[in-house]
Structure formats: structure tokens, C-alpha cells
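J.: Chains as they are written, first to last, in my numbering: chain P, 5 to 367; chain E, 5 to 367; chain G, 5 to 367; chain L, 5 to 367.
Warning: the hint list may mix true and false statements.
For identical chains, the list gives no copy identity; a pair is met inside one copy or between any two copies.
Unchecked claim - Computed list of lysine to any residue pairs in SDA-like fashion (alpha-carbon distance at most 25 Å, straight line):
no., residue 1, residue 2
1, K146, Q115
2, K146, R220
3, K146, G119
4, K146, R360
5, K63, H22
6, K146, V364
7, K146, I70
8, K146, S116
9, K146, G24
Please keep in mind that the hints were generated in silico from the structure rather than gathered at the bench. Since the structure is predicted, the reported quantities are computational estimates derived from the model, not experimental observations.
There are 4 protein chains.
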Amino acid sequence: MASTFGTLFRISTWGESHGGGVGVVIDGCPPRLPLTEADIQPDLDRRRPGQSDIVTPRKEDDACTILSGVFRGLTLGTPISIMVRNTDARPEAYTEMETHYRPSHADFTYQSKYGIRNWEGGGRSSARETIGRVAAAAVAKKVLRTLHPDLEILAWVAAIQDIEAEGDSNAVTAAQIEANAVRCPDAVTATRMIERIRQVRSEGDSVGGIIEAVIRNCPAGLGEPVFDRLEADLAKAMMSLPATKGFEVGSGFSGTTLRGSEHNDAFRMEGARVRTTSNLSGGIQGGISNGEPILLRVAFKPTATIAREQETVTVAGENATLAARGRHDPCVLPRAVPLVEAMAALVLCDHVLRQRALDVLPR
Amino acid sequence: MASTFGTLFRISTWGESHGGGVGVVIDGCPPRLPLTEADIQPDLDRRRPGQSDIVTPRKEDDACTILSGVFRGLTLGTPISIMVRNTDARPEAYTEMETHYRPSHADFTYQSKYGIRNWEGGGRSSARETIGRVAAAAVAKKVLRTLHPDLEILAWVAAIQDIEAEGDSNAVTAAQIEANAVRCPDAVTATRMIERIRQVRSEGDSVGGIIEAVIRNCPAGLGEPVFDRLEADLAKAMMSLPATKGFEVGSGFSGTTLRGSEHNDAFRMEGARVRTTSNLSGGIQGGISNGEPILLRVAFKPTATIAREQETVTVAGENATLAARGRHDPCVLPRAVPLVEAMAALVLCDHVLRQRALDVLPR
Amino acid sequence: MASTFGTLFRISTWGESHGGGVGVVIDGCPPRLPLTEADIQPDLDRRRPGQSDIVTPRKEDDACTILSGVFRGLTLGTPISIMVRNTDARPEAYTEMETHYRPSHADFTYQSKYGIRNWEGGGRSSARETIGRVAAAAVAKKVLRTLHPDLEILAWVAAIQDIEAEGDSNAVTAAQIEANAVRCPDAVTATRMIERIRQVRSEGDSVGGIIEAVIRNCPAGLGEPVFDRLEADLAKAMMSLPATKGFEVGSGFSGTTLRGSEHNDAFRMEGARVRTTSNLSGGIQGGISNGEPILLRVAFKPTATIAREQETVTVAGENATLAARGRHDPCVLPRAVPLVEAMAALVLCDHVLRQRALDVLPR
Amino acid sequence: MASTFGTLFRISTWGESHGGGVGVVIDGCPPRLPLTEADIQPDLDRRRPGQSDIVTPRKEDDACTILSGVFRGLTLGTPISIMVRNTDARPEAYTEMETHYRPSHADFTYQSKYGIRNWEGGGRSSARETIGRVAAAAVAKKVLRTLHPDLEILAWVAAIQDIEAEGDSNAVTAAQIEANAVRCPDAVTATRMIERIRQVRSEGDSVGGIIEAVIRNCPAGLGEPVFDRLEADLAKAMMSLPATKGFEVGSGFSGTTLRGSEHNDAFRMEGARVRTTSNLSGGIQGGISNGEPILLRVAFKPTATIAREQETVTVAGENATLAARGRHDPCVLPRAVPLVEAMAALVLCDHVLRQRALDVLPR
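Generate coordinates for the entire structure from the input sequences, incorporating the hints supplied.
T.: Here it is, written out as C-alpha cells:
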């Protein structure tokens with residue numbers, strides 16, 4: 005269904021940006037996992053507004069509460085309900101949205117689909133909805149750490165417009181990513197990215213870019229051909245995030261210029277383990293992980309809501325102009341880094357459990 | 005589940021390349037739709053081997069049989085089972101696959117996941133599995149034509165390696181696409197593409213490329229935020245096809261270099277209808293179609309199975325070399341064009357029915 | 005998944021009896037439906053403790069809050085999150101449950117399944133979980149009233165132990181049912197039932213019985229053969245309620261003693277409408293509603309938690325005895341009447357939407 | 005979806021009684037399970053027509069073919085497609101069905117729902133559809149035997165009309181059941197049942213009855229509260245079979261006359277194992293198996309299609325009479341015994357895999 009994701013580790017998010025709050029219900033979390041709000045809050049803090057001067061200055065501490073599914077610090081195996089209240093809603097900043105459709109935003113399409121929309125803030129299309137995903141993913145990551153302690157998921161900003169990070173994806177560390185406000189592990193480039201974001205904000209404009217992610221030490225055997233291939237589920241996960249326009253795994257679009265003899269990853273034994281000498285496959289072959297690092301890239305468009313005056317139409321069907329007020333991110337990427345990690349964690353946790361359900365007969 | 009796709013118009017494919025055959029069961033097809041094998045066969049013929057000199061010369065006519073769900077030429081509303089027998093299986097061409105993993109193919113990962121694999125041909129990872137998708141999509145397209153007669157889905161080869169087609173996506177016609185063996189609507193470029201494919205085949209190698217697709221006259225309002233956004237479901241659909249490495253909608257990765265003021269699609273009234281003056285959104289905003297053409301691109305890697313000798317390992321864990329025999333496509337793209345169209349049709353048909361189920365109260 | 009019910013009108017309940025609260029998320033509710041808490045509270049009040057002297061005296065007002073999915077009194081088409089706080093939890097009444105398994109309760113099986121359980125109250129197995137179902141069903145009933153204004157769902161207590169109500173199921177009214185504390189439309193028998201319940205409570209014991217339900221003016225054509233037959237989905241819905249042991253539709257078990265010539269419902273025209281002269285089918289034939297009243301019966305066992313001393317074992321594996329403290333219902337049936345109605349409403353709403361999604365081609 | 009059953013071990017049946025055949029696709033079967041047609045055929049033979057003189061004399065050998073998912077005698081983990089051709093279809097026996105609705109059959113409701121029906125034979129409502137279930141269940145039983153070798157599922161005819169079998173359910177053996185044509189383990193009563201069936205057939209009439217089933221050595225911990233309780237999924241499974249009108253688990257409807265102190269099953273240690281001294285719960289408490297035998301009963305109505313003349317209406321809306329020709333079962337129960345076992349096996353296999361997917365953290 006629309007707001008449910010996953011097969012075995014299954015989450016249902018709910019909530020609008022302006023309303024009682026946002027949240028998530030997790031069904032299918034294994035019992036006896038240690039879990040408190042303190043496991044979840046750090047990930048929410050990486051996502052929340054106001055964390056640096058290059059993101060929206062909205063003041064929301066996004067404090068989460070676990071309402072069910074945990075007893076004396078351990079999961080019960082029953083649904084885990086997690087909630088975050090809305091605290092800094094300012095519907096008065098959105099009065100024009102009642103009558104004007106923001107260009108390239110979800111206003112017109114929500115109205116077309118539902119015949120109604122919550123025009124105070126982005127409603128359901130607000131990035132605030134992703135709080136539920138991040139909270140659920142914090143739980144998923146704990147499951148993954150218990151079952152596959154070496155598995156590591158890292159995402160970072162690889163490009164802001166034409167400014168591209170340099171360096172080896174396989175060597176990036178969490179510390180490098182969190183060392184600056186834009187979450188780019190290449191410190192020198194990060195400075196240029198931050199400058200660019202400040203500049204476009206000062207011009208009432210916005211920018212997009214590319215987030216890259218790596219999943220290290222993923223066990224071979226995850227992914228369910230033919231439709232629930234690992235890259236297909238990752239693609240859906242990433243393309244379900246607001247503002248995404250593209251997805252690549254491994255060699256992606258650039259791999260299309262190679263010949264097969266160049267693109268194929270040769271197998272070689274490394275001790276008792278089958279390895280590949282290159283990784284253009286990006287860790288997935290035939291829809292199933294092969295044990296090499298999973299590499300993916302996600303394209304995010306520039307934020308649609310900008311302060312500059314734009315041409316648009318009204319709900320009454322008249323041409324008009326609109327200059328957004330409100331407190332918007334000039335660039336979504338720094339705050340989208342934990343979202344990409346979250347979606348990867350949700351997909352992997354689900355597939356780890358699915359593989360455990362399938363692989364039950366003696367080998 | 006692994007081999008099921010869709011929510012309301014739901015298909016389950018089955019079958020290996022070497023075995024009794026391949027097929028599909030469609031659950032949820034509306035009753036009273038005129039349907040015979042003649043509605044399905046043309047699409048299968050566009051997908052089948054041996055249709056030109058730049059694809060695999062295997063001789064399979066891929067003749068389909070409808071086994072259930074149709075009575076006197078009309079669908080019953082019950083499951084439609086469609087089957088195609090395997091006729092040109094030559095397992096002897098695959099004897100080395102029993103012991104050697106083909107680089108960048110699914111051999112090693114299937115073995116890792118399942119602890120067993122059908123090494124006669126590609127087994128379940130064979131592109132032969134897509135027959136079921138194409139057959140089901142032929143039915144989906146008939147549903148779409150009945151409910152939205154103007155809706156049109158077209159895919160074509162936009163690039164083979166560095167050879168890129170020119171021309172306006174919005175003007176491409178089916179006749180242009182089908183006018184040449186590579187299915188590129190730009191006739192001049194098509195000739196160069198065909199030459200390139202012949203050349204790499206003669207060198208025992210393979211090439212990849214990019215398929216582009218457009219969906220015209222799609223009604224506004226399709227797509228189900230937040231997880232089943234239209235672009236998310238399209239991304240999953242395309243990335244579930246064999247050999248895909250990337251997906252873009254609208255401006256895709258190139259849109260990440262623009263500013264918001266450049267990227268936003270301004271709304272303007274066109275008579276009583278809300279239109280956009282540009283279409284960098286690619287026909288989808290906030291996960292929902294806006295009535296503009298839906299534009300998407302899919303990256304296909306070069307075929308993994310090549311005649312050249314490659315380094316690999318054996319199932320016994322020894323380094324080895326392998327030069328594939330068998331009759332393989334030097335380039336999957338010409339035959340993948342109907343696959344991209346098929347997956348688009350399956351996604352759209354499902355979302356059209358979903359929107360009908362949701363939009364039931366008086367507006 | 006475990007805590008999700010429905011295909012298109014899909015609900016996910018969460019919560020334990022002792023914890024932050026209980027609630028439900030509804031995904032797939034049509035947009036533009038008028039909805040406030042006042043639409044939901046009356047149904048919750050019929051379910052809540054303390055409403056009469058024959059049910060548990062716990063004091064919980066079960067006041068609900070709609071947290072999302074509604075804007076200015078209308079549904080948005082997005083997930084509707086509804087929550088009820090736990091207010092009268094008294095974990096001290098359950099200290100023995102930490103060490104002793106209550107006979108015929110869920111303590112032992114939850115421990116076996118999950119390796120952990122919330123022993124403060126019934127945890128997830130508490131009837132408190134059904135609050136989410138009743139709240140969601142209140143929304144489902146509003147959808148049904150909009151689409152099928154004449155459709156009516158009524159349930160009542162047909163038997164307490166051997167005390168059976170008399171009268172014609174087809175003539176029962178809501179007013180008759182709500183006229184007494186036991187919710188039996190036969191006033192004379194109701195008095196005897198109430199006496200019996202008071203008596204067994206005074207003896208530290210409990211009783212069970214049978215709830216009957218009728219669905220009137222249900223349109224023909226609901227139900228999805230072969231697995232999601234209407235009676236199959238109703239059976240699952242009812243047997244998912246706590247304390248249920250049996251389900252019948254139409255003639256039920258007593259119909260097994262008849263011959264086909266006696267059991268078949270003859271068709272006769274009633275004006276332009278096809279009717280049956282009897283209704284042993286109970287309104288469903290071949291898994292699909294036929295337009296006649298749907299009649300069903302549900303068996304509820306006597307409450308497991310009783311004040312009398314019983315033999316049991318401890319979590320440490322020792323034989324022991326247990327006499328429950330706490331405030332329990334001597335008979336669940338009066339409060340289960342709205343639960344049976346709720347589950348019927350959820351099944352019907354889902355199938356009404358499913359039929360709308362299937363029946364889209366011109367007849 | 006309508007024709008899909010199960011969550012992890014998931015089956016999709018297809019086919020009408022008159023058409024290309026019937027079949028099933030199993031998705032989610034664990035790999036490396038030994039499987040050939042010889043594992044499936046015996047169960048199909050217990051279901052097929054013509055096996056004795058008290059069932060329909062139609063001549064169909066119902067020989068099955070495995071089309072996919074098996075390689076050299078072992079399952080691949082990919083979809084298993086199994087097919088049975090229709091061989092003895094005689095549409096001419098059904099010509100009156102084109103115009104006349106059979107009383108208490110699915111003719112009228114299918115027409116109401118779908119606006120079309122296959123009136124040659126029962127179409128999709130034919131018991132022939134259950135071939136797919138029985139075939140899939142034969143695979144499920146093999147999975148169960150591998151994971152839980154002691155688990156045993158037995159069903160038998162407990163009553164034909166008022167003729168009730170005697171004896172202890174817990175002592176019934178497969179040999180006793182298969183020793184006579186009616187599949188009643190009480191040999192003396194079986195003779196009376198067979199006589200009764202012959203008699204009603206000679207009178208152009210039909211009878212119904214009750215099938216009882218026991219599941220022995222089921223592990224504790226199966227079932228997924230709150231909606232997918234084990235008894236709820238069993239109820240749905242059984243009520244999805246043609247001709248069923250009622251379902252009971254454990255004490256069922258008769259348990260409603262007991263008090264809690266009589267109905268509760270006391271726990272006692274049996275060595276290190278927790279047992280109950282009685283089993284009115286029928287092996288399920290709180291929706292989860294407790295390790296005791298699971299006991300259930302299913303009510304089957306008398307066959308609707310009878311030779312006697314009955315009142316009905318035509319598709320043109322006129323009152324009429326109808327006396328069925330064709331070769332029908334005077335009593336469905338002997339052939340329904342393997343169906344009840346099959347549905348139980350499908351539910352258990354699914355829940356065994358679900359519990360394996362949930363119970364992944366160290367205890």
C-alpha cells in the first residue's frame with residue numbers, strides 16, 4: 005500500500021507537516037532486540053532542521069517517543085509505534101499555498117489525485133514524513149548490527165551542482181562525512197559546496213546534487229529475483245524519497261559506454277573466498293548481492309520552493325506569480341544523507357530476514 | 005514476493021530458460037476485456053530471439069497459449085494463465101557453466117543464495133523469464149487502451165555505447181522505432197549503432213546503452229505517495245529487468261547541475277487545463293503524474309556472456325578461464341525495448357486501477 | 005503481516021494494554037470523507053470498560069485523537085493515525101503474571117513464540133488492542149454509508165451459555181440491542197443472561213456464548229474467489245478476535261444435517277430483482293454476496309482469567325496454582341458485540357473498494 | 005489478491021473446470037527440497053473424481069506436470085509451476101447453465117460480480133480449482149516433514165448428516181481413514197454413511213456433513229497475533245473451500261456452554277515440557293500454537309447441484325425450473341478430506357517459515 009514499505013520488516017509511516025505529528029509503525033521486528041529512544045534520536049538529529057547554517061532554520065527538536073512494542077528495554081515482537089510531535093508549524097507562512105500551486109512541487113498533483121490537499125506546509129509531501137523512515141531505519145540498523153556486525157552503510161554528498169567530491173568511495177569514513185555541514189568526505193570540496201549553497205540561498209535560489217552510498221560487508225545472497233532484485237528494491241527505496249530524479253548502481257549510466265570485456269568483473273579466489281578483481285557490478289549480480297561493496301548514487305533535484313518570483317497558476321485556473329515565503333532548505337542534500345542511509349538499511353534488513361526465511365533447509 | 009509484481013493488476017511469472025517453459029499468471033484483470041493470443045503474440049515477437057541479425061540467432065517462436073481466465077474471447081475476471089513452451093533449449097552449450105561461474109553473470113550469486121542453480125542456460129536469471137512480463141503487459145495495455153484510449157507508451161534505443169540518437173523525445177513515433185533492427189528512431193544513428201553491434205560481435209565482445217521511454221497522455225493523479233510514488237514504482241520495474249544499472253526520470257542526473265529557478269517547471273493555463281511550460285519534472289511531481297509526458301531513461305550494461313576468454317573461478321574454488329559458447333546477444337537493447345514498454349504498461353495499469361479504487365467519493 | 009488487515013482499506017493496529025497507548029493507522033481511506041473524533045468515539049464507548057455492572061469496572065474513557073490524514077474535517081487520502089492513551093493501567097495487579105502462566109490465556113504461547121512478553125496486563129493479547137479495530141471500523145462504516153447508504157451491520161448476543169435469545173434475526177433493531185447491558189435484542193432473555201453473568205462473577209467464574217450478526221442491503225457481487233471469498237475473509241476477521249472458537253455463515257453446522265433439496269435456496273424474481281425464497285446460504289454463494297442478508301454467528305469461550313484458584317505452571321517450570329486478581333470481564337460478549345460489527349465493517353469496506361477496482365470496464 | 009494464498013510460502017492457483025487446465029504457481033518454496041511429480045500425484049489421486057462409487061464418476065486422472073522450479077530433482081528456490089490438463093470436460097452437459105442459475109450455486113453471484121461467467125461446468129467455482137491447492141500442499145508437506153518430521157496432519161469425515169463417527173480424535177490413524185470410501189475412521193459408522201450417500205444419490209439428492217482434523221506435534225509458537233492468529237488463518241483457509249459453512253477450533257460452539265473454570269486447560273509440567281491436562285483450547289491459545297494437538301472441525305453443506313427439479317430463474321429474469329444433468333458428487337466430503345489436510349498444510353508451512361523469519365535473535 006501507499007505508505008507501507010517492506011515485506012518482513014515492514015514499516016507504515018503516517019503524518020503531515022502540519023497536524024498532530026508524524027510517526028511510523030514497524031511490524032515484523034524480531035523480538036528481544038535492545039531498544040530505547042536513545043537508539044533512534046541520533047539519526048533523527050542528523051535529519052532535523054536547524055542543525056547548521058546551510059539548512060532550513062526551522063526549530064524542531066524532533067524528539068521521538070516509543071509508544072509500543074518495547075518492554076523493559078527489549079522489543080516484544082509486536083508492532084513498534086514511534087511518534088514525533090510537530091512543534092514549529094507556522095501555517096501562516098503558507099497562506100498563499102491555499103490558492104497558488106508551487107511550481108515543481110506536489111501541490112497541483114496532490115490536488116489532482118485526491119481532490120483535496122493540506123496546503124499548510126507540504127502536508128504529506130513534506131520531507132517531514134521521512135522522520136518515520138529514519139526512526140524505523142534506526143531499528144533496522146540495530147537488527148542488522150546484531151545479525152551482521154560488520155555490515156556498514158555510509159552515504160555522503162558526492163556532488164553539489166557541478167562541484168564534485170574526489171576520493172575513493174571504498175575508503176570513505178563516517179567521521180569524514182560528519183566533519184562538515186554538507187556531509188561531503190572530501191573536506192576541500194566540502195568548503196566549496198558550502199560556499200555555493202550559501203550563495204544560492206542569498207540569491208533566493210536553490211541547488212541539487214548527487215548522494216553516493218556504499219554498503220560494506222554485505223553478505224552474498226541477498227535479493228529476490230526476479231522482481232525484488234536487490235537493486236530494484238534499492239531503486240524503489242531511493243526514488244521514493246522526495247526530490248529524487250535518478251538512481252545508479254555500480255557503473256550506472258557511465259558503464260553503458262564500455263564493452264563487455266571491459267565491464268565484466270573477473271572472479272578470483274582470495275583464500276577460500278570468491279572475490280571480483282573489479283566492481284563495476286556494484287556488489288550486485290543477477291539481482292543478488294555478491295559480497296563486494298554495494299555502490300549506488302542518487303540524483304536530487306534543486307529544492308522546488310524558492311524565494312524568487314515564479315510563474316504559476318491558481319486553483320481557480322488563472323495565471324499568476326508566486327514568491328515563496330517560509331523557511332526552506334536551499335539544498336536538500338546534507339539532510340538527505342541520513343535518508344539515503346535509512347532507506348538502504350530498511351531494504352537490507354528486510355532482505356536479510358527474507359533470506360533467513362528462504363534458506364531453511366540443510367545445505 | 006520474489007516473482008510477483010503489482011498491487012491490483014498483479015502478475016506472477018515462472019519458468020527457467022531450460023525446463024518445461026515459461027509463463028505468467030495475472031490476477032486482478034478486469035472482466036469482460038476482449039482477449040485472445042493474437043493480442044499477445046505481436047509483443048512476444050518483438051522480444052523473441054532471431055528477429056534480426058544483431059540479436060541471438062536462437063530459433064524460438066515463443067508461441068503463447070492462454071490456459072485460463074478467458075471465455076469465448078472475453079476475460080472472466082479470474083486468473084489468466086499464459087504459457088510459452090521452451091523449444092530450442094540446448095543444454096549441451098552450457099556444460100562448462102556447471103563448473104565455471106560466468107563473470108558478471110548470476111551464476112555465482114544464485115549459487116550463494118540458493119545453494120543450487122539451474123546451470124543449463126541462465127535458469128531463472130535468463131532473459132527468457134521476461135516473456136511472462138511481456139505477455140502480461142500485452143493484457144495491461146489492452147486494459148489501458150479501454151480506460152485511457154489516448155495513453156501511449158513508447159520506448160527506443162537512445163544510445164549504444166557513445167553513439168547517441170538525436171531528435172525530440174516528444175516527437176518519436178512507433179513507426180520510426182520499428183523501422184530498423186536496433187529500434188532507434190533516428191535512422192542515421194541507427195545505422196551506426198547496427199554497425200557497432202556487428203563489429204563487437206565479430207570481436208567476441210558485447211555493448212550496452214540507454215533506452216529512453218515516453219508515456220504520453222497519461223492522466224494526472226497516478227502514483228501513491230509516499231512509497232509507491234509513480235517514479236519509485238517505475239524505477240523498481242525497470243531495475244528489475246536483467247542488465248539494468250541506472251534509471252532516470254525527467255531531468256535525471258543532468259538536472260542536478262541546475263538551480264531551482266532553472267529547473268522548476270512553470271505552470272500556465274492552456275485553456276481550462278493546467279500545463280507546464282517546460283518538463284524537467286518528466287511528468288511526475290511529488291510522486292504523482294501531472295498530465296505532461298512521462299520521460300524516463302534506463303541504462304543497460306553490455307551483455308555479460310561473451311565469447312572472449314575471461315578470468316573466473318570454478319565451483320570447486322579454483323581460478324580458471326572461461327570463453328562462453330552458446331548463442332548470445334551482443335547487445336540486449338534492441339530486444340529490451342519491448343521490455344521497458346512492458347514494465348511501464350504494468351506499472352501504469354496497476355496505478356490506474358489503484359486510483360479508481362481510491363477516488364470513489366463524489367468530488 | 006501480523007498486525008495489518010485488509011487489502012485496499014488497510015489497517016495496522018499497535019499497542020499493548022500497559023504502555024504508551026494503543027492505536028491504528030489506516031492506509032487507503034478514500035479522500036474527502038467528512039471525519040472527526042466525534043465519528044469514532046461512540047463506537048469506542050460501546051467497547052470500553054466500565055459501561056455497565058456486568059463488565060470489568062476498569063475506568064478508562066478511551067478518548068481518541070486523530071493525529072493525521074484529516075484536514076479541516078475531511079480525509080486527505082493519506083494515512084489516518086488514531087491513538088488512545090492508556091490511563092488506568094495498574095501493573096501491580098499483574099505481578100504474579102511475571103512468574104505464572106494463566107491457564108488458557110496467551111502468557112505461555114507468547115513466551116514460547118517471542119521468548120519475551122509484556123506480563124503487565126495482557127500486553128498485546130489484551131482486548132485493549134481491539135480499540136484500534138473499532139476506531140478504524142468507525143471510519144470504514146462512514147465510507148460504507150457514503151457508497152451504500154442502506155447497508156446496515158448489526159450484531160447482538162444470541163446466547164450466554166445455554167440461555168438462547170429468541171426472535172427473527174431479520175427483524176432485530178439497533179435500539180433493541182442497545183436497550184440492555186448484555187446487548188441481547190430479546191428483552192426477556194436478556195434479563196436472564198444478565199442474572200447469569202452476575203451469578204458467575206459472584207462465584208469468581210466466567211461464561212461464554214454466541215454473537216450473531218446480520219448485514220442487510222449488502223450489494224450482490226462482493227467477495228473475491230477463490231481465497232478471499234467473502235465468508236473466508238469474514239471468518240478470518242472474526243476468528244482474529246480474542247476468545248473466539250467458532251464461526252458459522254448461514255445454516256452453519258446445523259445445515260449439515262439437511263439434504264440438498266432442503267438446503268438449496270430457490271431463486272424467484274421479485275419484480276426485476278433476483279431473490280431467494282429462503283436464505284440458508286446466509287447471503288453468500290460461491291464466496292460472493294447475493295444481495296440477501298448476510299447472517300453469521302461467532303462462538304466466544306468463557307473468559308480465561310478468573311478469580312478461582314487454578315492449576316498452572318511457573319516460568320521456572322514448576323507446578324503451581326494461580327487465582328487471578330485484577331478487574332476482568334466475567335463475560336466478554338456484551339463488549340464483543342461492537343467488535344463483531346467492527347470486523348464486519350472492515351471486511352465489507354475493503355471488498356466494496358476491491359469490487360470498484362475490478363469492475364471498471366463497461367458492462 | 006483473490007487467487008493468492010500465504011505470506012512466505014505463497015501459492016497462486018489458476019484455471020477453470022472447462023478450459024486448458026488448472027494449476028498453481030508456488031513462490032517462496034525453500035531451495036534444495038527433493039521434489040518430483042511422484043510426491044504430488046498421490047494427494048491428487050485422493051482428490052480426483054471416479055475413485056469410488058460414492059463420488060462423481062467423471063473420468064479424469066488429474067496427472068500433474070512440474071513445469072519449473074525444479075532441477076535434477078531438487079527445488080531451485082524459484083517459482084514452482086504445476087499444471088493438470090482438463091481431459092473429461094463435457095460442456096454439452098451444461099447447456100442449460102447458460103440460461104439458468106443453479107440454486108445455491110455460484111452462477112448468479114459470479115454473473116453479478118463479473119458480468120460474465122464460464123457456464124461450461126462450474127468455471128472457476130468448480131472444485132477442480134482445488135487441484136492447485138492440493139498440489140501446492142504436497143510441496144508444503146514435504147517442507148514441513150523436513151523441518152518438523154513428527155508433525156502430522158490428518159482429516160476425516162466425522163459426520164454425514166446426523167450420522168456421527170465415534171472414537172477419540174487423538175487416536176485416529178491414516179490407515180483407518182483410508183480404509184473406506186467415505187474416509188471415516190470409525191468403520192462401523194462409515195458403512196452407514198456410505199449407505200446414506202448411495203440412498204440420497206438414488207433419490208437425485210445430496211448430503212453434507214462435518215470434517216474433523218488434527219495436527220499433531222505442531223511446535224509451540226506458530227501464529228502471528230493479532231490478525232494472522234493461527235486459528236484465524238486456519239478459519240480463512242477452510243472457509244475458502246467450496247461448500248463450507250462453519251469452522252470450529254477446540255471446544256468450538258459447544259464450549260460456549262461451559263464456565264471458565266470448566267473450560268480452562270490447566271498447565272502441568274511433563275518432565276521439562278509444559279503440557280495442558282485438557283485441550284479445550286484445541287492446541288491454540290492467544291492465536292499461537294501451544295504444542296498440544298490442534299483440533300478443528302469444518303461444516304460442509306449438501307452439494308448444491310442435484311438431479312431433482314428445483315425452482316430458479318433465468319438470466320433473462322424469468323421464473324423457471326431446473327433439474328441438473330451432469331455427473332455430480334452426491335456428497336463432497338470424501339473428496340474434501342484431502343482438501344482440509346491441504347489447507348492445513350499450507351497454513352502451517354507458511355507459519356513455520358514466518359516464525360523462522362521472526363525468531364532470528366539469540367534467545
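J.: Look at each hint and say if it fits the structure.
T.: For each hint, the structure was consulted:
1. K146 x Q115: Intra 39 Å, inter 22 Å, cutoff 25 Å: inter-copy only.
2. K146 x R220: Within one copy only: 16 Å inside, 37 Å across.
3. K146 x G119: For K146 and G119, only the inter-copy Cα distance (18 Å) is at most 25 Å; the intra-copy one is 40 Å.
4. K146 x R360: both (17 Å within a copy, 19 Å between copies)
5. K63 x H22: Answer is within: at 14 Å inside a copy they meet the 25 Å cutoff, but 33 Å across does not.
6. K146 x V364: Both, since 23 Å and 13 Å are each at most 25 Å.
7. K146 x I70: within (15 Å within a copy, 31 Å between copies)
8. K146 x S116: Cα proximity of K146 and S116: across copies only (23 Å, versus 40 Å in one copy).
9. K146 x G24: between (28 Å within a copy, 22 Å between copies)
This entry satisfies every hint, going by the numbered hints stated previously.
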